[in-house]
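Participant: What follows is each chain in one-letter form.
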Amino acid sequence: MSSTLSDLETHAIEEHPEGDSLATKVAGRSPTQLALARFRKDKLSMAAFTVVALVFIAGIMAPFLVMSGFLDPTSFHNTSRTGQLIDPSTGLATGKWGGISGDHWLGVEPGTGRDVLSRMWYGITFSLAIAISGALFTVTVGTAVGIVAGASGGFVDAAIGRCIDLVLSFPVTLMLLALSSPGVVFLDETLHVPSGPNKSFVNGLYVVLVLGVFGWPYVARLVRGQVLSLREREFVEAAKLIGASKFRLYFKEILPNLWAPVLVIFTITMPTYVSAEAALNFLGVGIKPPTPTLGNLLTASDDYATSAFLFFLFPAFLIMVIVVSFNLLGDGIRDALDPKGNR
Amino acid sequence: MARITKRALAATAGIVMLSTTLAACGGDEGDNGDGPGGTAGKGGTLYVKAEDAIEHLDPHRTYIGLHINMLARTVTRGLLTQSTTDDPAPIPDIATDTGTMAAGGKEWSFTIRDDVKWEDGEAVTCEDFRYGYSRNFATDVITGGPSFYPLSFTDIPGAAEGAPEYSGPYTEKGQDLYDKAVTCDGNTITYRFNKSWPDFNLAVAALHFAAPYRADQDKGDKSNLEIFSNGPYKLEGEWDKESGGTLVQNENYGADDTGTRKALPDKIVFQLGDKAETTYEEIIADAGPAKTTISFNRLPASMFSQIGNEIPEDRYLNVASPFIDYLWFNTEKLDPALRQALAVSTDREAWINASGGERSYKIADSIINPNVPGYAPNSVWKDVPPSGDADQAKTILEDAGIDTPVKVSLQYPQSEGADKQAAALQDSWNSSGLFEVELKPEGDVYYTNIQKPDHDYEIGWAGWGADWNSPSTVLPPLFDSRANIQGGSLGQDYGKYRGDEFNKKLDEASIAAGAGDDAARDKAYQEGGHDPRQRRGLLPARERAVQLRLGLGC
Amino acid sequence: MLAYLVRRLFAGVILLLVMTLVVFMLFFASPVDPVQFSCGRNCSPELKKQTEKALGYDKPAVVQWKDFVQGIAVGRDYPDDPELRAAAPELVTECNAPCFGYSTFNTKTVNEEIAETFPISLSLAIVALIIWLTGGVLLGVTAALTKGSILDRGLVGASLILYAFPTFFIGLFALKFIAIKWGLWDKPVYTPIAEGGIGEWLYHLLMPGAVLAAVFMAAYVRMTRAFVLESMTEDYIRTAKAKGVRPRIVLFKHTMRAALTPLVTMTGLDFAGLMGGAIITETVFNFNGLGKLAVDANKVYDLPTIIGLVVLLAAFVIIANIIVDVLYAVIDPRVRLG
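Chains as they are written, first to last, in our numbering: chain U, 4 to 346; chain F, 36 to 589; chain B, 185 to 522.
With the rest of the complex left out, here is chain U (with noise of 0.2 Å):
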């Protein structure tokens, strides 16, 4: 986890050149067809692309599937009353390599006998949405506060300078475990939450939350030299000149011309919080069972590592497949916005 925000640094930062070259004009086509067309002769971009999309799919299918009783995440099949699929004496799923069936197609949680293919399709869905909401909140917030630093300058830029160090100094896997007990409270307490399945709502929110807190200035830092270049170009003079509100300027004239890097830094961003989802959750911050995450579905896996290596294994595999591609595609994208770059 010390990693994922640092990291997400490192990619945005360091690895993209600043400066204009992603609106670079060649007469007849615009740059976002030119990009798609680039985006689409790559491969491993189109790859990765497919797996996302797919994964996309998956996850807001899943409360449907279950709805429907198609995945069934829930029941209990370790009793003669729920169907015997767990042996009492060791606890384990009955038959080989975990209880995989016909029915159960990746096997069944030892102990109670629930099926993990189910878990595991909806603990995408809860994994993705807090990844999600997460990125969505960290890019939002810190675009708009590194567009108003980089366009006004002078003594806002400054204090908002001033803060963005402030809050890169917070230690932030230690403040997001310390602040997880008085902060899910007081969510708790503030929104009047009925307790129950609702309170994963809460234990998730908070994870958006810190997430969001702890991330936005990284973004901020990042838009704040995009719009420095921006700044000086003809079309924002223009506006200044006519008398535009700040307003106006900021969110008419600057913000679309964001759209690329935003973009790539969002899709840089969600998979460091899928990680990072998973990494909290092994730290006991985040969404509890029985509604699944990916990240609760490895930690209550990882007693069983060598007793049922496979139930151990399949979570892990997910993220890391969901991790990877989501990266392929962040790196496909900025490749295809800005051709100069050399990967």
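What the hints contain is simulated information worked out from the structure, not anything from laboratory work. Note that the structure is a prediction, hence the values are computed from the model and not measured. Be aware that one or more of the hints could be misleading.
Unchecked claim - Some chain B residues flagged as far from chain U (calculated, every beta-carbon gap over 12 Å):
no.	residue
1	199
2	441
3	460
4	495
Unchecked claim - So, partial list: chain B residues that the calculated Cβ filter (under 7 Å) puts toward chain U:
no.	residue
5	342
6	344
7	349
8	350
9	356
10	463
11	482
12	497
Said to hold, decoys possible - Straight-line distance between alpha carbons at most 16 Å, and here's what the computed EDC-like set of lysine to aspartate or glutamate pairs gives:
no.	chain 1	residue 1	chain 2	residue 2
13	B	292	F	234
14	F	141	F	234
15	B	483	F	87
16	F	152	F	162
Backbone N, C-alpha and C fix where the C-beta goes; we use that ideal spot for every residue, glycine too.
Starting from the known structure of chain U, fit chains F and B onto it as the hints suggest.
Facilitator: Only chains F and B this time, still in chain U's reference frame:
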């Protein structure tokens, strides 16, 4: 022992465990002994591992049975001790005999032998015992121990109401009151109580609240992780809360004819912090120090599959623990018929299977553990199958005119294992179609919250083990509303059970015990505990077992 | 240069002060009562008050912050309340400057806790740093030089996959399978140099160090590769090549030097973050470093320890930032401090 440990896992079979290990693991590393019960040799290093930090080493702050039996017994000797066999009778340790009861249990005297020494060579005196006992009253410093026993029993004004006028040796407020209640006459120490305490000998044998303590070694809270030994081992260097410490033979250890301490290993190294799974994986791999390693923790359920394969059956023990896990119902909020229906429809089999199956737990038919004298199965469970009886529950609800499905909630302390178990219970209740159960996991605040008199929890779970071998340390501490519900706390009576009839039975039992009539005592407890009209009779419960696996190389 | 340093240090101190103030506000405005935890489960109102006084929690947050800062500057004594100190002088704990607080759970000053755990975190960070830096740079350069080949793709891909598995999965796998089950490597137990010599120390740090390095390696491989590629197209490299400088010299003298600057920045900041403890790696391998200390403190909500650690780690990061900026100027002649 009675304390619910945070992870609710640290059960005790320490007595059996310690004796077996010390007897078996005497040999040097690499010495192929005969395993448990084999010939004992002297020397070598015993490694003891535990997952969690040990909160207190101070004898007066130690309450967890596992810590008493696995660690404290090797460095702290008291008046009496327990046998390492199943025999519940106390054995004289530093006292010359098992003590003399007088005044109908209101007075106990012990004579201290003069040949037992502290680790610096000085003799253990009667004053050391008197000083040690006085520390219980410093409730602002000596926390965590079973001090409520001396606090409520000792004949000091205010003690019976829960606010003794003596506040311990650090402030010395009310010292004269203490000096009258506990006296030393030569080598004889006398304790005077405000009410009958016929079990006092059992209590001091099992717990360490009456252990001796040297006044010149007392640094209050700063002594919490220090050991000043009068037992066969002493601490070498410092104890580190996170990682543990090393015990070595104490050459000044005085005369001991209890036969309970063989003290065979040269060194006992406590290593804390590894997860139980990791420790057992090492023990199974059986390389290096793991050959002479034992663990505090029970064998994790995830490793039961290795019994019989990687873990040979003869290296494996499954011992019954004194603990019972039970579900409690809020008697103020839930209708008696509803409680009964819930109890009857509980799938105790699923509950147990979700936590490791038959090796972890057995279905219990009484809140009193079968190992405790006075146990008798509760007849109300006779007709309820292990996986619950939804039809019976349905009839009960229909007769009481309760509309189904009933919405109820289950509160529990969140952990990986608890999540599965709670989900199993939820599934068992919901699948009958009679209930809609909501799970409410909580952090460690759970234990604080369930003691709040105004809590609105509906169902919760808890665990309890007898402090010593008597039902008097089970039923009264759990369900006597008079003792429990006072001073802004529910005590252990989380379900707010106020049963006058039941309380009367407890009094009868207590009187019978003071008169030495065990049969009458047990009868009264059973009548109180098993009355099917009482909620008490209807708590789904399970017995905890303790699995151990011993190091192979010893 | 000196003026710059002084200015940066001054700004750093101010930043740290503001940061601690924010921390105090955050934790003391929070709805969780830290004393409830310190005081235990059977906490009577009197006992609670006593604990509050001993830790100074009865005062407003700003005053507590002032006391804390003062403690760092000149040290302080515990219990915080003068009456309690007067009542039992033998129980007073002196905490010398810079005092980070006193933990009632461990009956130790936070300084003592840090002193015990810091060497472990530092050792782990150093070993991990060496592994990921050598590995990252070597593989990165190799990949750049073989750009587009299978080797290039393989290296970049493998490091990415290693990065993408959660650290605790890799750690647990290494511990449970490589070390324990297959017995290929002894289970790592931290051994100070003073006890077992440098060999033993290193041996036990290699496995957790490698696990920790796996997370960072991918970024370093990719970055090194990118910078080497980028700088190879720079004019001065082309000039050097045109002049007939041998390729190896071009690579190491010119290309690497240019790529070094951003590497130093990143390394410095990552290392500073890691000195504060690799929370997951330390938890998995049961190394009692700062990270594990933080996790343990958080379990019981040991606020003095948590706050002490937060401030210490923030100081690491702030100092590292200053050092990195200075190094920047040393390595890259184009950068001038002013």
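Participant: Please go over all the hints and tell whether each is borne out by the structure.
Facilitator: Quick rundown of the hints versus the structure:
Non-interface status of residue 199 (chain B) relative to chain U is broken: a Cβ of that chain comes within 12 Å, the nearest being about 6 Å off. With 12 Å as the threshold on Cβ separation, the claim that residue 441 (chain B) sits away from chain U holds: the shortest Cβ distance comes to roughly 17 Å. A beta-carbon of chain U comes within 12 Å of the beta-carbon of residue 460 (chain B); the shortest separation is about 5 Å. At roughly 9 Å from the closest C-beta of chain U, the C-beta of residue 495 (chain B) falls inside 12 Å, breaking its exclusion from the interface.
Checking residue 342 (chain B) against chain U by beta carbon gives a least distance of about 11 Å; that is not within 7 Å, so the hint is violated. Nearest Cβ of chain U to the Cβ of residue 344 (chain B): about 6 Å, under the 7 Å cut. The hint holds. At about 5 Å, the closest approach between the beta carbon of residue 349 (chain B) and any beta carbon in chain U falls short of 7 Å, and the interface hint on this residue holds. With 7 Å as the threshold, the beta carbon of residue 350 (chain B) comes within range of chain U, its nearest partner Cβ sitting at about 5 Å, so the hint holds.
For the restraint placing residue 356 (chain B) at the interface with chain U, the shortest Cβ-Cβ distance is roughly 5 Å, inside the 7 Å limit, so the hint holds. A hinted interface residue such as residue 463 (chain B) counts as satisfied when its beta carbon comes closer than 7 Å to some beta carbon of chain U; here the least separation is about 5 Å, so the hint holds. The interface hint given for residue 482 (chain B) is met, as the beta carbon of that residue sits about 5 Å from the closest beta carbon of chain U, less than 7 Å. The interface hint given for residue 497 (chain B) holds, since its Cβ lies 4 Å from the closest Cβ of chain U, which is under the 7 Å cut-off.
Between the alpha carbons of residue 292 (chain B) and residue 234 (chain F) the distance comes to roughly 38 Å, so the proposed pair goes past 16 Å and is violated. Between residue 141 (chain F) and residue 234 (chain F), the direct Cα distance comes to roughly 11 Å. Compliance with the 16 Å bound is thereby established for this hinted pair. At most 16 Å may separate the alpha-carbon atoms for a hinted pair to count; residue 483 (chain B) and residue 87 (chain F) meet this at roughly 11 Å. A threshold of 16 Å between alpha carbons decides the hint, and for residue 152 (chain F) with residue 162 (chain F) the separation of about 13 Å falls inside it, so the pair holds.
Violated hints for the displayed structure, listed by number in ascending order: 1, 3, 4, 5, 13.
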